[in-house]
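Participant: Listed here are the chains, written in short residue letters.
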Amino acid sequence: MSKRETKALRGPTPRHKEGDEVVYIDNDSAPRLIFSGEDILCEDLPVGTRVVYGKPPIEGLNNPGAAIRYALNHPLDADPLYAQLAPGMRVTIAIDDISLPLPPMRTPDIRQTILEILLEQLDANGVDDIHLVIANCLHRFMTEAEMKRMVGKKIFDAFYPDRYYNHDAEDPDGMVHLGKTAQGETVNINRRAVESDLVIYVNITLVPMDGGHKSVAVGLCDYETVRVHHDPDTIAACDSMMDPSRSMLSTKIARQGAIVDQHMKVFHIETALNNRMFGSATDFLGRNEDEFSEFDRLKYEAMRFGLSKLPAAAKRKIFQNIPAEYELIACYAGKTDPVHDRIIAKLNDQYMVSLKGQSDIVIFPIPFVSPYNINSILNPILVQVMAMGYFHSFYRGKPVVRKGGAVILCHPCYDEFDHKFHPSYIEFFNRLLPETRDAHKLQHKYQDEFAHNPSYIEMYRRGNAYHGAHPFFMWHWGQGGRNHVGKVIVAGAQNAHVPARMGWDRAESLTEAISQARSFVGPSASITLMKWPPILMADVE
Amino acid sequence: MAAAAFYDLDGTLCRTNLVHAFAYNARNQQGLLRSITRTLSTLVSVPAFMAADFFDRRLFNDIFFRRYKGESEDRLRYLAEELFENVIKPAIYPGAYQLIKKSRQLGLRQVLVTGAIDFTAIPLARHLGIDDMVTNHLEFVDGKATGRLLPPVMAAATKASWMRIYAEKEGLNLSECYSYSDSMSDLPMLSVVGHPTAVNPDFRLKNTALQHDWPIIDLR
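Protein chains in written order, with our numbering: chain F, 10 to 550; chain E, 21 to 240.
No lab work stands behind these hints: they were computed from the structure.
Worth double-checking, as some hints may not be accurate.
With a cut-off of at most 30 Å between alpha-carbon atoms, the simulated DSS-like pairs for lysine-lysine come out as follows [stated by the list, open to error]: (1) E:Lys226 / F:Lys429; (2) F:Lys454 / E:Lys121; (3) F:Lys324 / E:Lys226; (4) E:Lys226 / F:Lys326; (5) F:Lys308 / F:Lys26; (6) F:Lys454 / E:Lys189; (7) F:Lys157 / E:Lys226.
To give a feel for the contact side, a few chain E residues facing chain F, derived at Cβ under 8 Å [as the list claims (entries may be wrong)]: (8) Leu119; (9) Lys122; (10) Asp138; (11) Pro235; (12) Ile236.
Keep in mind the model is a prediction, meaning the values are calculated, not measured.
No residue lacks a Cβ here, since even glycine has one placed at the ideal position from N, Cα and C.
In isolation and in its complexed conformation, chain F is listed as follows:
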């Protein structure tokens, strides 16, 4: 048995901690378990490293159905839903797509629970002109099996395919121009939704960037509408994307949302889930390793042994087939803004961990899943968006890493793409990135070409491909992180060319990556490991 494995079997000892979520590595601390794609590394970290854990899951509501009914009957700044319904009216129910939550939750999905209650109320009030539209914006269309899983067999059989379908942002007859904001931002929205007497949005707000006006104004819009804020300058002006009060992205979307509200009657149902990403068999992955029980250690050893015998594709399949155990912790309905504010407050309760000060070096474990690769591969562009886009932005106040500091990513960085889901990513990675990594240049020179490429449009509309412009948005999403971070090092990258093309350094191991980072920021550099998953956000003083 190796030294590392022996250490992993050691019992608990008292630690230097700041609350339950922030732990400092001592001389005899246990190694930490760190996600790296489909693998879980077991790494000794330098003494003094700050390790930040997610908060324990907030207890789920005992009776989610009752909470949803209460929200519908006691909405914020709006009449109860039943009072807004009348026989013969046209109703469109828009639903968040498969990018939320992550990974997909066990069935019944919370959307199914809400829809069952909603459809019951609509039926009781004589409303039968109902369409269910997946608000996928420029995301890939969900497959039939995914759609069925999301709403359950009964609703699927009753509505699919004529009255339950994906929003098609490229349907020439399917979009309506609602107008422009005072700043000239276009707002084009799904025709069925615009021409409905009432739009009910069923939302899962996984992170504070989601929900609110983003639901309708982005979920049901087209390329011309989304490009005005999915651009490098908007993203760079966010501090952070996850703090709506300081996010230019949220500001621009709210302006578009105001146009939506002028033309459409929207009843917003927004939910917050806890962070119970792991079931009882794997919940140790989110906990402090110093406090592992004997059984936790046995489970880890069994998992490590099993994973070591499998190819990456099989590991990916296994991980993606384990649904998350999320539970409903809040549900509000009514007008978009007050509903969203309440949900954000609840999310902050779940995710926000207070940190004292920034670090010179921050370690980001990149897991197997992102919003854009459900049932697929986390390709290099998505590794980039997870690191420089999402994880860098998971803060309020200041980024966890100091300006000009180093970020270490743990991921194999395999050069693999899903031809069916991410065809335009392949061209972006192989044709454009070798020419430039400058987001502005990419945007101005190539974005429209990809967005209007007839093949990519066909693959989006008739297949399950992300829109041709999507890899650009993913690249722009990382602009804030790229501007802020001085160096990115990938620990454990299985090849040299992917990190090189992304503009990152490569290291064989985490230890080597830390040495490289120290040589960049200084030998006495402070180090923080953000223990994702589950989701956690830093409130940095």
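Got chain F; can you put chain E on it based on the hints?
Facilitator: Only chain E this time, still in chain F's reference frame:
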């Protein structure tokens, strides 16, 4: 610099192929007995056509177009409009219209590059709003088909050669051009442009497209 979208026809924009066109002519011969004989003969030959096409498109052309020998040019041209209305038009893939529309919105010139015979392709090109086209032409002597094609015979590498010459003549930048085909025999036509796309591909082309990271679309 200007650019174009080059389309193969059979199997790419519509589900018919050369054999459908020939079978329609065979079925509409003058005289019932002649129609039955020609139709049966065509049916019997289908496996041979498929085998020839699998190995080499030029071999297929040699064997297949011999079947036209003795056909009247007037009659073939007369039947072409009927053939289009009754057989080809209903067989156009639904996605083909949208693909061409989007492509035209990009300002691309729409060009058909097909091994089909001119008189069968012309009505379809008109219907789809194709700007330019190159097809195969049967050789006629004294108003009767000889069973041979006039050179250059549009197939495989010849299509790519024609596209190169066409692009040079028309001032098109091939690296900005698009090309669409369903068949492995059109690999040269796909390889010569900057934006190749496999459409409803057969097994071999699908694998090739995956290896080259080309988009794969389904217009059916």
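Participant: Each hint: holds or not?
Facilitator: The hints, checked one at a time:
Taken as a hint, the Lys226 (chain E) and Lys429 (chain F) pair is honoured in the structure, with Cα atoms around 12 Å apart against an allowance of 30 Å. For a cut-off of 30 Å, the pair hint linking Lys454 (chain F) to Lys121 (chain E) stands: about 23 Å separates their Cα positions. With a CA separation close to 26 Å, the supplied pair Lys324 (chain F) and Lys226 (chain E) stays within the 30 Å bound. In summary, the hint linking Lys226 (chain E) to Lys326 (chain F) is supported, as the alpha carbons are separated by about 24 Å, within the 30 Å threshold.
Of the pairs offered as hints, the one joining Lys308 (chain F) and Lys26 (chain F) holds, with about 25 Å between alpha carbons and a cut-off of 30 Å not exceeded. At most 30 Å may separate the alpha-carbon atoms for a hinted pair to count; Lys454 (chain F) and Lys189 (chain E) meet this at roughly 27 Å. Our distance criterion of 30 Å between C-alpha atoms is met by Lys157 (chain F) and Lys226 (chain E), whose separation comes to about 29 Å. Residue-level restraint check for Leu119 (chain E) holds (minimum Cβ-Cβ distance to chain F is 5 Å; threshold 8 Å).
At about 4 Å, the closest approach between the beta carbon of Lys122 (chain E) and any beta carbon in chain F falls short of 8 Å, and the interface hint on this residue holds. Of the supplied interface hints, the one on Asp138 (chain E) is violated, with its beta-carbon coming no nearer than about 26 Å to a beta-carbon of chain F, more than 8 Å. Of the supplied interface hints, the one on Pro235 (chain E) holds, with its beta-carbon coming within about 4 Å of a beta-carbon of chain F, less than 8 Å. The interface hint given for Ile236 (chain E) holds, since its Cβ lies 7 Å from the closest Cβ of chain F, which is under the 8 Å cut-off.
Checked against the numbered hints listed earlier, the structure breaks hint 10 alone; every other hint is satisfied.
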